Amino acid sequence: MNTELLGNALQIVLMVALSYPLGKYIAKVYKGEKNFMDFMAPVERWIYKLSGIDPTEEMGWKRFLKIFLTLNLFWFVWAMILLVTQKWLPLNPDGNPSQRPDLAFNTAASFIANCNLQDYSGENGMTYFTQLFTVMLFQFVSAAAGMAAMAGVLKAIAAKTTKTIGNFWYYLVRSVTRILLPLSLVVGLFFIVQGMPMTFQGKMHLKTLEGQEQVISQGPVAAIVSIKQLGTNGGGFFGVNSAHPLENPNYLTNIVECVSILLIPMALIVALGFYLKKQKLSFIIFGVMLFAFLVSAGINVHEEMKGNPRITALGISQHHGAMEGKEIRLGAGGTALWSSATTVTSNGSVNGMHDSLMPLTGAVTLLNMQINAWFGGVGVGFLNYYAFIIIAVFISGMMIGRTPEFLGKKVEAREMKIATLIVLLHPLLILLGTAISSFIFVHSPALVAKEGGWLGNPGYHGLSEMFYQFTSSAANNGSGFAGLGANTPFWNYAAGLVILFGRFFPIIGTVAIAGLLAEKKFIPSSSGTLEIDTVTFGVMTFAVIFIIAALSFFPAHALSTLAEYLSI
Amino acid sequence: MKSDLFKSIKITFVFCAIFAIFALILWAFAHTFSPNKGQVEVVTLRGKIVGADNVGQSFSKDIYFWGRPSAAGYQADASAGSNKGPANASYLKEVNARIGTFIQHHPYLKRSEVPAEMVTASASGLDPDITPESAAVQIKRVAKARGLSEEAVEKIVEKHIEKPLFGLFGPAKVNVLKLNVALDKLTVHS
Chain A
1 MNTELLGNAL QIVLMVALSY PLGKYIAKVY KGEKNFMDFM APVERWIYKL
51 SGIDPTEEMG WKRFLKIFLT LNLFWFVWAM ILLVTQKWLP LNPDGNPSQR
101 PDLAFNTAAS FIANCNLQDY SGENGMTYFT QLFTVMLFQF VSAAAGMAAM
151 AGVLKAIAAK TTKTIGNFWY YLVRSVTRIL LPLSLVVGLF FIVQGMPMTF
201 QGKMHLKTLE GQEQVISQGP VAAIVSIKQL GTNGGGFFGV NSAHPLENPN
251 YLTNIVECVS ILLIPMALIV ALGFYLKKQK LSFIIFGVML FAFLVSAGIN
301 VHEEMKGNPR ITALGISQHH GAMEGKEIRL GAGGTALWSS ATTVTSNGSV
351 NGMHDSLMPL TGAVTLLNMQ INAWFGGVGV GFLNYYAFII IAVFISGMMI
401 GRTPEFLGKK VEAREMKIAT LIVLLHPLLI LLGTAISSFI FVHSPALVAK
451 EGGWLGNPGY HGLSEMFYQF TSSAANNGSG FAGLGANTPF WNYAAGLVIL
501 FGRFFPIIGT VAIAGLLAEK KFIPSSSGTL EIDTVTFGVM TFAVIFIIAA
551 LSFFPAHALS TLAEYLSI
Chain B
1 MKSDLFKSIK ITFVFCAIFA IFALILWAFA HTFSPNKGQV EVVTLRGKIV
51 GADNVGQSFS KDIYFWGRPS AAGYQADASA GSNKGPANAS YLKEVNARIG
101 TFIQHHPYLK RSEVPAEMVT ASASGLDPDI TPESAAVQIK RVAKARGLSE
151 EAVEKIVEKH IEKPLFGLFG PAKVNVLKLN VALDKLTVHS
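Protein chains in written order, with the numbering used here: chain A, 1 to 568; chain B, 1 to 190.
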């Protein structure tokens, strides 16, 4: 049996197996039940006290969202200030420059939104100070904010009739102290043992065996990579992310990093079952998502391990698959699995260059992000799926002539409108962005030339690069077809805005739906109720998601990835 | 709004303090337990540092095994892949030219024996490894340049093949720098 395939199988088994106990534990954390991390309680009390927060205040959904938005507004300002002044701040042994305002806008938007799209390269675009107090800080807190939003929605769904959905601060702090921080510590220590750098020294200068100068960038890598993988962040320490041999030193670290991508997103679906005491519902949602992940991983692994037909045509031996933009220690199969894991979630870290993926793999990674609801970003992945559930409930209700209900609450016009807007915003952002950039590319060659020409590849693949950039931004994924020269004012601002819309509207919308439904009268289930914890409804939701995504994005794929696939 | 803003500011600073402690714990652990105090681990030859064991470097002399093509020119402060699409015509021309060069230096090889990974650029531009097959096809050249028997070089190569994890998971590989250092330990070349 092929060892690359065995390695992939092991990773999938590990993520599924570990997500179960973690999910059970997460449900306890958000319910405030006793758990083995209770020794963190004094630390939490200290955080609340120093910040002047009352963690017992029960919040309505509007107040909950207001705090979420205020906090993010401050984070944005904080990131902007640090990034444009980093040159003068401490911990800059390599003397790296500050970011230009357009780049800082993109970076700030990207990191507060848990997107981690990077138009800079880590080796020279950041200092150790900003790596720690923007990159690492937001990798923790933006992930925690997404999880807090989900916790609020869970509380709203669980209650019979309520005006409050819990305390935002409480969920935020507990997500950090009891889930993200302990896991990151364990994973970070493991990475150090495996040879990942963790130092505040600047670049290392040495002479190679053939006598050439080599300058090696290093830094506090292990601290950032652990939370980068666990919090669906994906913003790498180095420019090439987890393809860098210092950011992903060997196959074992690759297993841990890839499992970390899906661990919490999977566990949160398990947590939903324990929290709502609806195991079957959680299994069915998990099943639908896992099915989608396995299909996408299967296609990618097959395509990449088969190799590039154009290289085969050159008459050489291609036993190890399509190795352009891949690393020997990870293998074509390892990069293919990762490309799927990182796009079904909104992680966006890469261990190979996505721009060099086979056309069909490129199409699958794009489609994963365009759907953005298979596990998804920590917390927000479920929220996106929740919006689709509302739509599926409504459509099923219409089809069989029953009142659309979701767990004892009538779904009415207002909730439907919000759900529809959220679901349609995503294709709108992506397709409009791609259309505008294509239009500029064709009609203003002077502007494009001034910005360095944008595209790294001609033809269909060039369109894919722009399509990918907007898809990744709207889905808050952060991976890229990096041949696109995206560090330009146009791309920094355009992608930055799409990131912000793609982050905040879906969260506001889904929390609002949950809050509105929670206020309604509870209707006990009867024989007339549409049962949603059935395989039939799972298939229905899958169909709704797939049809919406496929129909909206198919024409754009036909011109980019599929055209390339058919012509290769 | 105003009081929420103050709470937001305060909690962000508190979080910064907590994450600083987190980073310091990792740093202290690395400083104490990792071989090079948390810095990049290095390879030495006769007491001299000749590279980082996990960062690829450029090899072009005939006495050495070569690594993969690098879009970054093996500059370890500017990692980069080529980001070329699979059907890009100018990219395929470049690959074709690399095949020609590779065969020129290994005239004993048939075109169908040239491993694709030796003519395609790595993701990081710093790939420290090659496949065992890629090492095998270079043995004849290296042996000739060093005046060693092919069997002697083959033996060293075999010793440097790192098997898949637990013999089961992931690809096998050969670290190019470690292999070349082992050769240099055997014979002195200037």
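Simulated from the structure, these hints should not be mistaken for lab results. Each hint should be verified, as a subset may be incorrect.
What the hints assert, rightly or not - Which stretches of chain B does chain A cover? Using the computed rule of at least three CB atoms under 8 angstroms from a CB of chain A, they are:
{"no.": "1", "segment": "10-21"}
{"no.": "2", "segment": "68-77"}
{"no.": "3", "segment": "117-127"}
{"no.": "4", "segment": "149-159"}
{"no.": "5", "segment": "171-183"}
What the hints assert, rightly or not - Restraint-style ranges between C-beta atoms, simulated for each label pair:
{"no.": "6", "chain 1": "A", "residue 1": "Leu551", "chain 2": "B", "residue 2": "Ala28", "range": "51 to 61 angstroms"}
{"no.": "7", "chain 1": "A", "residue 1": "Lys306", "chain 2": "B", "residue 2": "Lys110", "range": "41 to 51 angstroms"}
{"no.": "8", "chain 1": "B", "residue 1": "Ala145", "chain 2": "A", "residue 2": "Val215", "range": "58 to 68 angstroms"}
{"no.": "9", "chain 1": "B", "residue 1": "Ala145", "chain 2": "A", "residue 2": "Trp88", "range": "43 to 53 angstroms"}
{"no.": "10", "chain 1": "B", "residue 1": "Ile21", "chain 2": "A", "residue 2": "Glu531", "range": "47 to 57 angstroms"}
{"no.": "11", "chain 1": "B", "residue 1": "Arg111", "chain 2": "A", "residue 2": "Leu5", "range": "45 to 55 angstroms"}
Quick caveat, the model's predicted, so the values are computed rather than measured. Beta carbons: idealized from backbone N, C-alpha and C, even for Gly.
Quick rundown of the hints versus the structure:
1. 10-21: holds (count 9)
2. 68-77: This one holds; 5 residues, not fewer than the three required, reach chain A with a Cβ under 8 angstroms.
3. 117-127: holds (count 10)
4. 149-159: Answer violated; 0 residues pass the 8 angstroms Cβ test.
5. 171-183: With 6 residues closer than 8 angstroms to chain A, the segment 171-183 of chain B meets the three-residue bar; holds.
6. A:Leu551 with B:Ala28: 51 to 61 angstroms: holds (54 angstroms)
7. A:Lys306 with B:Lys110: 41 to 51 angstroms: Since Lys306 (chain A) and Lys110 (chain B) have Cβ atoms about 22 angstroms apart, the given range 41 to 51 angstroms is violated.
8. B:Ala145 with A:Val215: 58 to 68 angstroms: violated (28 angstroms)
9. B:Ala145 with A:Trp88: 43 to 53 angstroms: Hint holds: Cβ distance 52 angstroms, inside 43 to 53 angstroms.
10. B:Ile21 with A:Glu531: 47 to 57 angstroms: About 49 angstroms separates the Cβ atoms of Ile21 (chain B) and Glu531 (chain A), which means 47 to 57 angstroms holds.
11. B:Arg111 with A:Leu5: 45 to 55 angstroms: Violated: the Cβ-Cβ distance is about 28 angstroms, outside 45 to 55 angstroms.
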